[in-house]
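Residues per chain, in single letters:
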Amino acid sequence: MSDISGVREIDVAVIGGGPAGIAAAAAARKEGAERVVVFERDWEAGGILQQCIHPGFGLHMFGEELTGPEYMDRYLKQAKDAGVEFALNTMVFQMDPPVEADGRRAASFWVMNPQTGIEHVRAKAVVLAMGCRERPAGALGLAGSRPAGVYTAGTAQRFVNMEGYMPGKKVVIMGTGDIGLIMARRMVLEGAEVVAVFEIMPWVSGLRRNIAQCLDDFGIPYYLEHSVCELHGKDRLEGISVAEIGKDRKPIDGTLRFIGCDTLLLAVGLIPENELSRMAGIELDPSTNGPVVNELLQTSAECVFAAGNVVVVYDLVDFVSEAGERAGSSAALYALGKLDTGRREFAIETTPNIRVVSPQKLCGERDTTVFLRVAEPVEGRCKLWAEPGIFSQTLRYARPGEMNEVKISAQKLRELPGDVKSVKIGLEAF
Amino acid sequence: MQGRVKENGNFDVIVIGCGIVGATIARELSRYTLKAAVLEKASDIPFGASRANSSMIHGGFDDEPGSAKAKFCPKGNRMYHALYEELDFKLRKFGSYVCAKGESEERHLKKLYEQGKANGTIGMEIVSGQKLREKEPHTAPDITAALWCESGAIVNNFEATLAFIDNARQNGVSLYMETAVDGILSDESRSSVRGVSTNRGNFYAPVIINASGVYADVISRMAGDDSFIIHPTKGEYFIFDRVAGDLVTSFLFSCPSKLGKGITVTHTADDNLLIGPTSVQQTDRDNRNTTPEGLDDTFDGARRLVPGIPRNMAITTFSGVRANSNTGDFYIKALDRPRGFVNVAGIKSPGFTSAPAIAWHVTELIRENLGDVVKFEKDPAFVPERKHIPRFADLGMEERQRLASSDPKWGQIVCRCESVTEAQVVEAIRRGARTVAAVKLWVRPGTGRCQGGFCSPRVVEILARELGVSPLEITRHGGKSHMLTSKTKELLLPGKPL
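Residue numbers (the working numbering), protein chains in the order written: chain A, 2 to 431; chain B, 11 to 508.
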């Protein structure tokens, strides 16, 4: 058992061994950081990809279609070959605000492992890669009883794909988040009946390809502008009441109907897991629920970097890995005292039809991609631009379920007149 | 919950119901050598109104002098301030404010202040709206004055109820779960009680205490007494993420109306934000459904006190059904016929606060009136102290390390939102938790911001392992509330429809 009065010193700490963390750790080693450790609370690395046994990963990154575990294996191999150390079964349960060490800021946090107990760790730089969690049923303020059989889609996915148990036989799904769509197909493949998928918004929140491959191909109906309003059943769920939703986002009188089912799965949103970031006093963006970062993925604390779904909920894991690589490389450079954070800072401003944007700041040190999600779908040609004179592209459509990318050239940023303090990103329908 | 065994099928006293009233009475009885049993219908403790309430330990200014409520509430408040250390449940001395808007409500504050003085409430002061906002900067700007009560406190009501029954069991009281009373047994002339009949057979005792909450009038009628009626009254609540917990640091009441104490806003013992309750009478005693109207009313009412409450930070909603008696007060009475039957009924707000004082009173009542059928001898082996399962989240780093060194299960976090370790879950099961809900009430996995999304598969696995059953047998809250329905691929076996 370790002595908690001592401190374990490392160069780059990565918190979370999912796709963002593993890519970050590998990149940190490649950039030249010596002691790079991934702290993962589960007994194996991989994060949520472990339970994503369906294909569809890696098209962007590897040009082929992989399952979640296959995709993960490729990155794990890279990380192990690069000499990354894995602290498995090890949970970071407390993070302190950055401390002063050797004249620079360093990260300080506490980890626990069942075999070795509690340990105090100090890292020259840290990459936050804790991922996200699902919005629970309670957050929806559903009326009715509190029976068994109501799960978030990801919890159900864990039961089915990892534990080998079915959460029910006759399923209704609320929300068109990707995990819900994937689970609709999974439940049918496992012999359950999926009655319908309901979405409160007038548009789908997941990927279009998942609507086609998970619902349409299996004859599962989905209804937009419909919401589950009430749960029925004392012990186990016996049914739900669903209503049509009006323009005011409230149920339309007279449209409430009962549907019998023993299971309700929820795919109603993902929330970045930033409890540790809060403990460390990192600035968070209320629209992404993640840390405010620049294109180096550096947070408001100079020694703390962040990548993946802890920063902003991505649509594809490929982009999460890319972000991880960038954060890992930045963290390594910081640890080595070589990170140039630029002499300028640009705030990113957006037009109101853009709901989230990440990063939120630019320093002009690297060419980068700014990811954004529109607030509402734009069906038809539209123009995505970054001013002054940085980027312009014509899109066939823009949908909230699929992120849009704005390519930013560092060169162009650096050439902007000295009085330019912000970059404005906008989207306009033709 | 391991304890000395004094049972043998026949008891001296049977307590029906293990809410806060039944649990405090059981603990009071365990001071004596008599044999007592508590029969609880539900699978988890606490289950009824003791589970779903505002978790407030009231100062005692709200009730009319002379009423039973006015008598027991301030006394109960004082008892809690000693009991929480003795029995190791969470109680936090945050104090409370009753918030008034305008002259007529301010007049009401003065009335409450005078009532409090008459009732023996400790630590009251009327302060200006501005003074309130200095302490609670998020309260509404149109609050003109507030009644501060220093002795108002917040408990973890799950822990408190469990603490009393846990200690009672350590001192020899028997607890029977999932045991529903369906009849009262008396002698042929119906002059004295003999026991109760239940779904698990008969239990015999010459003294029966009816602490069955919303069912108290039903149970009383089984004994032939219909002197009161319970009007079940629903109240709906929201719980918010800890991030919103910091909006307030104390317990805020609206100015009370005829309907009750109105919507309250509080920082809970576990640092969440809690708002509620509504107050709606209903006929169904078991209907704890939340309603769209009730939730909206709760939220709107709370926003009149704290306008900035963010609805999108709600982590769950729930409702409780209070045992509102038609007598308008607590109804505590030993029947003359059949002798031995004692009603402890209508214990609604401030019932949780009053419970320890009521328990003491009921025990004295039995001692005085039924001393011929039950012998009250102090049990020299009685141990008043009891320890809750250590709360990993609240421990210092050294204590955490000591526990983690003692058993790897202390080093394994099961619930990341509330920092609950596997060792805590295992100990909750050892002390009697049998369902996912019971584990949650004992040690909190699933009460946090993800609401069990991450930990429920782990809790199911640990319950199954510790109880030596298949995960398919694990229920959410007893009965047929199974968490899982089959193994994967089973639905695809021949003979099953595709």
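Treat the hints as calculated values from the structure; they're not laboratory data. Any given hint could turn out to be false.
Below 25 Å or equal to it, Euclidean Cα-Cα: the simulated DMTMM-like pairs (lysine to aspartate or glutamate) are [unchecked claim]:
no.: 1; chain 1: A; residue 1: Lys171; chain 2: A; residue 2: Glu194
no.: 2; chain 1: A; residue 1: Lys235; chain 2: B; residue 2: Glu188
no.: 3; chain 1: A; residue 1: Lys248; chain 2: B; residue 2: Glu188
no.: 4; chain 1: A; residue 1: Lys171; chain 2: B; residue 2: Asp306
no.: 5; chain 1: B; residue 1: Lys499; chain 2: A; residue 2: Asp217
no.: 6; chain 1: B; residue 1: Lys490; chain 2: A; residue 2: Glu71
no.: 7; chain 1: A; residue 1: Lys170; chain 2: B; residue 2: Glu500
no.: 8; chain 1: A; residue 1: Lys235; chain 2: B; residue 2: Asp192
no.: 9; chain 1: B; residue 1: Lys497; chain 2: A; residue 2: Asp236
no.: 10; chain 1: B; residue 1: Lys497; chain 2: A; residue 2: Asp4
no.: 11; chain 1: B; residue 1: Lys499; chain 2: A; residue 2: Glu191
no.: 12; chain 1: B; residue 1: Lys499; chain 2: A; residue 2: Glu164
no.: 13; chain 1: B; residue 1: Lys419; chain 2: A; residue 2: Glu35
no.: 14; chain 1: A; residue 1: Lys170; chain 2: B; residue 2: Glu471
no.: 15; chain 1: A; residue 1: Lys251; chain 2: B; residue 2: Glu303
no.: 16; chain 1: B; residue 1: Lys497; chain 2: A; residue 2: Glu191
no.: 17; chain 1: B; residue 1: Lys497; chain 2: A; residue 2: Asp43
no.: 18; chain 1: A; residue 1: Lys171; chain 2: B; residue 2: Glu500
no.: 19; chain 1: B; residue 1: Lys497; chain 2: A; residue 2: Glu164
no.: 20; chain 1: A; residue 1: Lys251; chain 2: B; residue 2: Asp192
no.: 21; chain 1: B; residue 1: Lys111; chain 2: B; residue 2: Glu135
no.: 22; chain 1: B; residue 1: Lys497; chain 2: A; residue 2: Glu194
no.: 23; chain 1: A; residue 1: Lys235; chain 2: B; residue 2: Asp306
no.: 24; chain 1: B; residue 1: Lys419; chain 2: B; residue 2: Glu409
no.: 25; chain 1: B; residue 1: Lys419; chain 2: A; residue 2: Asp4
no.: 26; chain 1: B; residue 1: Lys419; chain 2: A; residue 2: Glu231
no.: 27; chain 1: A; residue 1: Lys171; chain 2: A; residue 2: Asp249
no.: 28; chain 1: B; residue 1: Lys499; chain 2: A; residue 2: Glu239
no.: 29; chain 1: B; residue 1: Lys100; chain 2: A; residue 2: Glu276
no.: 30; chain 1: B; residue 1: Lys490; chain 2: A; residue 2: Glu231
no.: 31; chain 1: B; residue 1: Lys499; chain 2: A; residue 2: Glu231
no.: 32; chain 1: A; residue 1: Lys170; chain 2: B; residue 2: Glu135
no.: 33; chain 1: B; residue 1: Lys490; chain 2: A; residue 2: Glu191
no.: 34; chain 1: B; residue 1: Lys490; chain 2: A; residue 2: Asp4
Selected chain B positions facing chain A (in silico; Cβ < 8 Å) [what the hints assert, rightly or not]:
no.: 35; residue: Glu188
no.: 36; residue: Met407
no.: 37; residue: Cys460
By construction, the Cβ of each residue, glycine as well, lies at the ideal position given by its N, Cα and C atoms.
Tell me the hint numbers this structure goes against, listed in increasing order. Hints 3, 4, 6, 10, 13, 20, 26, 27, 31, 32, 34, 35 are the ones this structure does not satisfy, whereas the remaining hints hold.
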